[in-house]
Every structure is written in C-alpha cells, then in structure tokens.
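There are 2 protein chains.
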Amino acid sequence: MANTRGLLIVLSGPSGVGKGTVRAAVFKNNIFNYVYSVSATTRAMRPGEVDGKDYYFVSREEFEHLIETNALLEHAEYVGNYYGTPIQKIEENLAAGNDVFLEIEVQGALKVRERMPEGVFIFLAPPNLKELESRITGRGTDDAAVIYERMRMAREEIELMQHYDYVVVNDKVDNAVNKINAIIQSEHLKVDRVIDQIKAEIHNYFQKEEY
Amino acid sequence: MANTRGLLIVLSGPSGVGKGTVRAAVFKNNIFNYVYSVSATTRAMRPGEVDGKDYYFVSREEFEHLIETNALLEHAEYVGNYYGTPIQKIEENLAAGNDVFLEIEVQGALKVRERMPEGVFIFLAPPNLKELESRITGRGTDDAAVIYERMRMAREEIELMQHYDYVVVNDKVDNAVNKINAIIQSEHLKVDRVIDQIKAEIHNYFQKEEY
Numbered sequence: 001m002a003n004t005r006g007l008l009i010v011l012s013g014p015s016g017v018g019k020g021t022v023r024a025a026v027f028k029n030n031i032f033n034y035v036y037s038v039s040a041t042t043r044a045m046r047p048g049e050v051d052g053k054d055y056y057f058v059s060r061e062e063f064e065h066l067i068e069t070n071a072l073l074e075h076a077e078y079v080g081n082y083y084g085t086p087i088q089k090i091e092e093n094l095a096a097g098n099d100v101f102l103e104i105e106v107q108g109a110l111k112v113r114e115r116m117p118e119g120v121f122i123f124l125a126p127p128n129l130k131e132l133e134s135r136i137t138g139r140g141t142d143d144a145a146v147i148y149e150r151m152r153m154a155r156e157e158i159e160l161m162q163h164y165d166y167v168v169v170n171d172k173v174d175n176a177v178n179k180i181n182a183i184i185q186s187e188h189l190k191v192d193r194v195i196d197q198i199k200a201e202i203h204n205y206f207q208k209e210e211y
Numbered sequence: 001m002a003n004t005r006g007l008l009i010v011l012s013g014p015s016g017v018g019k020g021t022v023r024a025a026v027f028k029n030n031i032f033n034y035v036y037s038v039s040a041t042t043r044a045m046r047p048g049e050v051d052g053k054d055y056y057f058v059s060r061e062e063f064e065h066l067i068e069t070n071a072l073l074e075h076a077e078y079v080g081n082y083y084g085t086p087i088q089k090i091e092e093n094l095a096a097g098n099d100v101f102l103e104i105e106v107q108g109a110l111k112v113r114e115r116m117p118e119g120v121f122i123f124l125a126p127p128n129l130k131e132l133e134s135r136i137t138g139r140g141t142d143d144a145a146v147i148y149e150r151m152r153m154a155r156e157e158i159e160l161m162q163h164y165d166y167v168v169v170n171d172k173v174d175n176a177v178n179k180i181n182a183i184i185q186s187e188h189l190k191v192d193r194v195i196d197q198i199k200a201e202i203h204n205y206f207q208k209e210e211y
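Going down the list, the sequences are from chains A and B.
Take the first sequence: its position 77, counted from the start at 1, is 77 in the working numbering, and no numbers get skipped.
Take the second sequence: its position 205, counted from the start at 1, is 205 in the working numbering, and no numbers get skipped.
Hints may be right or wrong, so weigh each one.
If chains are identical, the list can't say which one is meant, so a pair holds when it fits in one copy or spans any two.
Result set (SDA-like, lysine to any residue): computed pairs, CA atoms no more than 20 Å apart in a straight line [as the list claims (entries may be wrong)]: (1) Lys53 with Ala71; (2) Lys190 with Asp165; (3) Lys190 with Asn175; (4) Lys28 with Glu118; (5) Lys190 with Arg5; (6) Lys172 with Leu189; (7) Lys53 with Leu94; (8) Lys190 with Met116; (9) Lys190 with Glu118; (10) Lys199 with Asp165; (11) Lys28 with Ala200.
Read the hints as simulated data drawn from the structure, not as lab findings.
Quantities reported herein were computed from a predicted structural model and do not represent experimental measurements.
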C-alpha cells in the first residue's frame, strides 16, 4: 500500500475559548497517534516545562535566523517574545504519513492556511458569547473596559471563522474531542485521498486474473 | 436557533459489497436519528415485507405517473420491475432538519447527485477485489463467465467512485458504520452550515450589551 501523506490539523479559536484544554484532552489518549507540533519561542522556560516538548526554547538570534531562512510556518511577537511554528518537523511527519496537530492563535492559523491550504482548519467556538465573557472575567480581570476590549477582539476573531473548514463548539471538552476526532477520521475517507490506491488495486486484480 | 436543513446521505457501492447489511446496521441503533428513504417499486410484496417500510408498493400505472410528474429523484427498471426514489418525503424531512439516508445502486446515486449535488455521497468499497469475487461467488453462481461479467461490472462501478465524496471500505460492518457516522457528524460541523447562526448570535450579544 502506497504511503499516504498525513493530515495537518490546525485547531484555533478566540482567546479564552479553551484551545489548550481541548488540545490536552485530544493528546491525553491520542488513540489516533497524532503528532503534536511543538512551537519555538524566545521566552524563558518556566518551571516544569521541557525543551522540545512544551516549546523549543531558542535565543532571539536563533529565532531571527529561523525567520530569515523561512523555516517557520508563521510567527508572531507577544509581550516582547517571539513565538513561531517550525516547518521542518511538520513536513517530515506529514511525509511519513503522520497526522500533525497544531494548536494556534487565529491570526497565526490564517498564515498557516496561506502556506498549507490543504490543512484541516478547525475553529473552536464558545457555546455562546456570555460564556466566553465569563471565562475571560474568570481569568482575573473585571475591569469593564478590559472585558469590552477582549470581547471586541473575540468578535473579530470569530468573524474569521469563515476561513476555516469546520466549527466545533466547546460546550464540553469531551464533546469537542469526539467531534475533532470525527472530523479527522472523515477527512481520511475523502475520495481524493484513496482513489489512486484503489485504482492501482483494480489494475493489479485484472492483470492477475488475466481479464 | 434557526432550523438547519438536514443532510441527504447517499450510501452506494458495487453489487455484492454489502450495502444492505451496512445500512441495516446503521439503522439498528440509529443513534443519530437518520430517516430512511423508502423506495417505490412495482414488484410484488414478499412475505414479511411491509408497505411503506420496506418499499412503497405501487402499480405500474402509479409508478409511471410518478415518473411523469417528476416525483422521483431517480428510477430504474430491473427484471421487468420499476424501482425509484420518491422525492417528496425526502424534501419534507430535509426541510424539517432531519438527515435522510438513502441506500442505492451506483448508477442511481449518480442521478441523485445531478439533482441534489449538496448531498453527502459515500461509496462503500470492498476490502479488495478477491473478497468481492468470493462474495459474488458465494451468492450461488460459479459459472466463470458470469463471475467474469460481474467483476467487470464491479470494476466499472468502482471507477465511478470519483463522483462521490467519501470512500468507506467495508472490511467489517461495525467499522463501516462508525466511519459513516463520523462522516455525517463532521459534515454537520462544516463552517458553511453553522456560520449564519453564529453571526446572528454575535449580533445579538453586542446589541444586548450595548457595545
């Protein structure tokens, strides 16, 4: 059987929607053997973090070299630190037939879409905006102006949903994980992914049988 | 929440692949409440069959009236009897938000695709052609010429797979059912199906909050 290229799965969604929690739940059992795409960052390693597992921790110079050599699928700067997605491991895994799972901010996901439009882009949405508001408030701020600004940002991010393939509502983490797995399973069943292999098999059968 | 139109799910595949068995297994539990599309036929009712459940049993005149009034999604004649798919119940169910499940021959499915291109077309494929051959043989013929003819027909049908959306290999009935359910679940999560509803919700939220 010919080796089929893996799928690039991009999970994204507005700040506060629970991307990290859902991603952790996907990888808790990881029955489908997805490979997690580890980001690179220039921020300091925190206690408990492991280089190459949580992030690739690199210097500013190293990161800028990655940018210059086009080695990142996307990158961004937050609060003085760089964050980015190294492309090489992703490419190696996809070529080996592994599905690669990327959890990323909305803006970064759209940059990934430009370079790898064949990826499966999943937008994680809040059950409703009231719920998102209470999650944002729950993070420790109740300054009305800050909440207002975050909700406006969330609205802008949600409106970018149209550039994605699928929307999964994060009502319960288990539900979201099941839906994500169903999406990936069904993407593997698309005709374009299997037709060459089946045509080759037909060809072989009719040769062997001397039809 | 706005009522979303149901999905038309079309399960097809070459003769002998096990469409009927898989369809029966899908409907055994039917956890997703699919509605089965009952065909119309002019053939005689067999013992145990129920009119309106197994088929709509109609006269030749009634069937020809259905054809003339464009009331069938597709129809065909086998061994002197008509078989066809009445469109009205399908339309009613889709409009009510129910997913309608149709199990049908390959040629009929392609006619359905012409009239309802938005349907989800699933091709049930044999694990391999040797397996299909033994299933065809197991149906009680071992005349080499007959098997040859059926296998050639199967080849032609398999080559029509390119007009479908998904391919499910019928290696084990339970696997096939799980894959079909995953496909339908993921089709419900496509951005185009949910984006209007989510945009309306954003609009409502920002109106209520007086943002």
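Consistency of the hints with the structure:
Proximity of Lys53 and Ala71 under a CA criterion of 20 Å is satisfied intra-copy only: 19 Å inside one chain copy versus 60 Å between copies. In the homo-oligomer, the alpha carbons of Lys190 and Asp165 lie at most 20 Å apart both inside one protomer (14 Å) and across protomers (6 Å), since each shortest distance falls under that limit. Taking the shortest alpha-carbon separations for Lys190 and Asn175, only the inter-copy value of 16 Å comes in at or below 20 Å, while the best intra-copy value is 23 Å. Taking the shortest Cα distances, Lys28 and Glu118 never come within 20 Å of each other, neither inside one copy (26 Å) nor across copies (36 Å).
With identical chains, the CA atoms of Lys190 and Arg5 are at most 20 Å apart within one copy only, with a shortest distance of 13 Å there and 23 Å across copies. Within a single copy, Lys172 and Leu189 get their C-alpha atoms only as close as 26 Å, which misses the 20 Å cut-off; across copies the closest is 15 Å, which meets it. Within a single copy, Lys53 and Leu94 get their C-alpha atoms as close as 19 Å, which meets the 20 Å cut-off; across copies the closest is 47 Å, which misses it. Both within a single protomer and between protomers do Lys190 and Met116 lie at most 20 Å apart by alpha-carbon distance, with minima of 18 Å and 19 Å respectively.
Proximity of Lys190 to Glu118 under the C-alpha cut-off of 20 Å is found in both arrangements, the shortest distances being 13 Å within a copy and 15 Å between copies. For the homomeric pair Lys199 and Asp165, the shortest alpha-carbon distance between copies (16 Å) is at most 20 Å, but the shortest distance inside one copy (28 Å) is not. Taking the shortest Cα distances, Lys28 and Ala200 never come within 20 Å of each other, neither inside one copy (37 Å) nor across copies (35 Å).
Violated hints, in rising order: 4, 11; the structure is consistent with all others.
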